[in-house]
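Novice: For the protein sequence lines, the chains are A and B, in the order given.
Quick note: the first sequence, position 79, residue 79 per my numbering, numbers continuous.
Every position in the second sequence, counted from 1, becomes a number in my numbering once 1000 is added.
Mixed in with the good hints, there may be bad ones.
Unchecked claim - Negatives, chain A to chain B, calculated, CB over 12 Å:
#, residue
1, M73
2, I77
3, V80
4, V134
5, M136
As the list claims (entries may be wrong) - Here are the simulated DSS-like cross-link-like pairs (lysine-lysine), alpha carbons at most 27 Å apart as the crow flies:
#, chain 1, residue 1, chain 2, residue 2
6, A, K132, B, K1043
7, A, K40, A, K57
8, B, K1139, A, K40
Claimed, not checked - Distance ranges between label pairs, derived from CB positions:
#, chain 1, residue 1, chain 2, residue 2, range
9, B, I1075, A, W104, 33 to 39 Å
10, A, W104, B, A1042, 23 to 29 Å
11, B, Y1068, A, V134, 38 to 44 Å
12, A, P39, B, L1208, 39 to 45 Å
13, B, L1208, A, L48, 38 to 44 Å
14, A, P195, B, L1080, 56 to 62 Å
15, B, I1045, A, T45, 56 to 62 Å
16, A, A12, B, S1281, 45 to 51 Å
17, A, M15, B, I1071, 28 to 34 Å
18, B, G1258, A, W104, 39 to 45 Å
19, A, L20, B, L1146, 19 to 25 Å
The hints are simulated quantities; they were obtained by calculation from the structure and are not laboratory data.
All values reported here derive from a predicted model rather than from experimental measurement.
By construction, the Cβ of each residue, glycine as well, lies at the ideal position given by its N, Cα and C atoms.
Chain by chain, the residues run as shown.
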Amino acid sequence: MKRFIAKSPRRAAVMLFSVLALLWASPFFLALNASLKSPKEYNTTGILQPAVTISFKNYVESWVGLEFPLKVMNSLIISVGALVVSMVMAFFISYAISIGKHKWRSFVLATCVVIFLMPQEAFAYPIFLVSKMVHMYGNVSFLIIPLGITGAAFATFFLGNIMSHFPVDMLEAAALDGASRTQTIVRVVIPLMMPSLLTVALLLFVANWNEYLLTLLLLPDYASQTVPIAVAGLNIGDAWKPPAMPVVAAASILGAVPSFIIFALFQRSLIRGITLGATR
Amino acid sequence: MKRESFNGFLLPSFFILSAFVATMLIWNLILSFMRFPGFGNAKWIGLKNYENIFTDQGFWEACLHSLYYVIPMAIIPCILGLVLAVAVFDAFKGYLSAKLVPWVRGGFYLPQVIPIAITGTLWNWLLNGQQGVVNQLLKDWGLAPLSHDWLGRPVPALMSLTVVMIWLQLGFAFVIFLAGLARMDIATIEAASVDGASWWQRFRYIALPSLRPEILVVLLITVVGGLKVFAPVVYVTFGGPQGSTQSAATFAVDAFFGGKYIGGGSAVTTLLALIIGVVVSMIVYAFTRSNREKKVLS
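Put together the whole structure using the sequences plus the hints.
Specialist: Rendered as structure tokens:
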């Protein structure tokens, strides 16, 4: 492709944008730096000076104070549980409309788009009432239901688009070989679609993990909170006394680590998944 | 292949999905017509809740804010994301630079990956009056007069939120546009440059039209995201000094759980859902219609 900028200015542009990208992540670097300082050092040197004596005391304090492993478990239960529900529902719906070419295809897809763009706040209070009615208010597992169902709309939309490109002749070949529908699905469709299924599952996992509304409203007990809410609650100070600045920083970094790990491992799949959904 | 009915596949799951959503929405709608103290009996009061919120100045301010938030949540990130994507796509050629692209992508997209509750807390921590980073930086650079109580006064709080929202959303637009650019037909671009087209012309007449589907989708998602924005507001400013940064959604949730009036919260969320539903349906309809027309014409 013909470059519109000669080499030197292009190198400058590369440097500029690389630095910009680094700057974009700077809040995390600042928090990281602050989290490694002892409160005393922090009070004297502030946020910007690089930490001189690296201490992990803040992390230990956050880990213990947040009951971090428990929060991770809560988040995991909800994220995985909901994504399984969503994937199962979405698989059936999108199979029917894309491979089965059900006549309601446009209607179903349009409905799913509208559902997943709806403000969750419109469902929040009724869901709260339901949780009270079934005496599961404050129960971590309860959240699997609303998150699983609304996630199904999102997943249906994605899978519906992907499945419409499925090679139907494979299915016919399998049918000719005498496979029942179940066998075809298990032996042919799922293996072929595995990368896409995993990508959608990943997107659902991240969305569920980062969920901020229902987890805030339905999990009042400290012990039942998810990671993001526990960290945010720290700042609001209802967990224990408003902690020192470096501790809040450490807690934020700690809370961000799981997401960061997932992102680092799956960046390509994640971004590919998002962009796939954007190009119908 | 014999046309089998897939109703058994479709209907149960789709029914559960639609029934659940419809029930919640209708329940919410009904609540908006009642006076419900959160426990005990609910009393039907017709449109009184709507009257109450329409005369509540806080409501109108929150609506105004939500409309405003569309700018930093959607408009600015889209434009900047577009420019950034084209610039990066153009500049990062060559073996070494190409290796850098995932890192640049990751850096900008990172805010979207970390839970908003955590990034919101982080920004709240950064912008905090006394020990906040921004004020410290300004002090170190000798620009002390520019420091403000970023979260404690209405206008600086709005400014802070604006910055945070752009920070959050830019990566989303950037990543999608970047991928869209990779789809472009290189031969057309090269032919255009051989014909003497300037960078601007190539951008405007080739890149932009080719990115139309991406732009539409990004705009749709981010505009709706801006209208219904909740988390950045709650976790960074908690609704701002005395409610001066509330969005429609935070106002509603505050009404629900802050002990004000539940029916009012339902009224606000019903209105919000209605507006967004209409906007989305219109855009989706327009988009699918233009697709169908294109198919007919081609």
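Novice: Each hint should be assessed against the structure and marked as holding or not.
Specialist: Taking the hints in turn, this is what the structure says about them:
1. M73: The claim holds: M73(A) sits with its nearest Cβ about 16 Å from chain B, beyond 12 Å.
2. I77: 16 Å, holds
3. V80: At about 16 Å from chain B, V80(A) clears the 12 Å cut-off, so the statement holds.
4. V134: 14 Å, holds
5. M136: 16 Å, holds
6. K132(A) / K1043(B): 19 Å, holds
7. K40(A) / K57(A): 12 Å, holds
8. K1139(B) / K40(A): 21 Å, holds
9. I1075(B) / W104(A): 33 to 39 Å: 35 Å, holds
10. W104(A) / A1042(B): 23 to 29 Å: 36 Å, violated
11. Y1068(B) / V134(A): 38 to 44 Å: For V134(A) against Y1068(B), whose Cβ atoms are near 39 Å apart, the range 38 to 44 Å holds.
12. P39(A) / L1208(B): 39 to 45 Å: Taking Cβ atoms as reference, P39(A) and L1208(B) lie about 52 Å apart, which means the hint is violated.
13. L1208(B) / L48(A): 38 to 44 Å: Holds, since L1208(B) and L48(A) (Cβ atoms, about 41 Å apart) stay within the stated range.
14. P195(A) / L1080(B): 56 to 62 Å: Once the Cβ atoms are compared, 32 Å apart, the range 56 to 62 Å for L1080(B) and P195(A) is violated.
15. I1045(B) / T45(A): 56 to 62 Å: 59 Å, holds
16. A12(A) / S1281(B): 45 to 51 Å: Roughly 46 Å apart at Cβ, these two residues keep to the hinted range, so it holds.
17. M15(A) / I1071(B): 28 to 34 Å: 30 Å, holds
18. G1258(B) / W104(A): 39 to 45 Å: 42 Å, holds
19. L20(A) / L1146(B): 19 to 25 Å: Cβ of L20(A) to Cβ of L1146(B): about 22 Å, so the range 19 to 25 Å holds.
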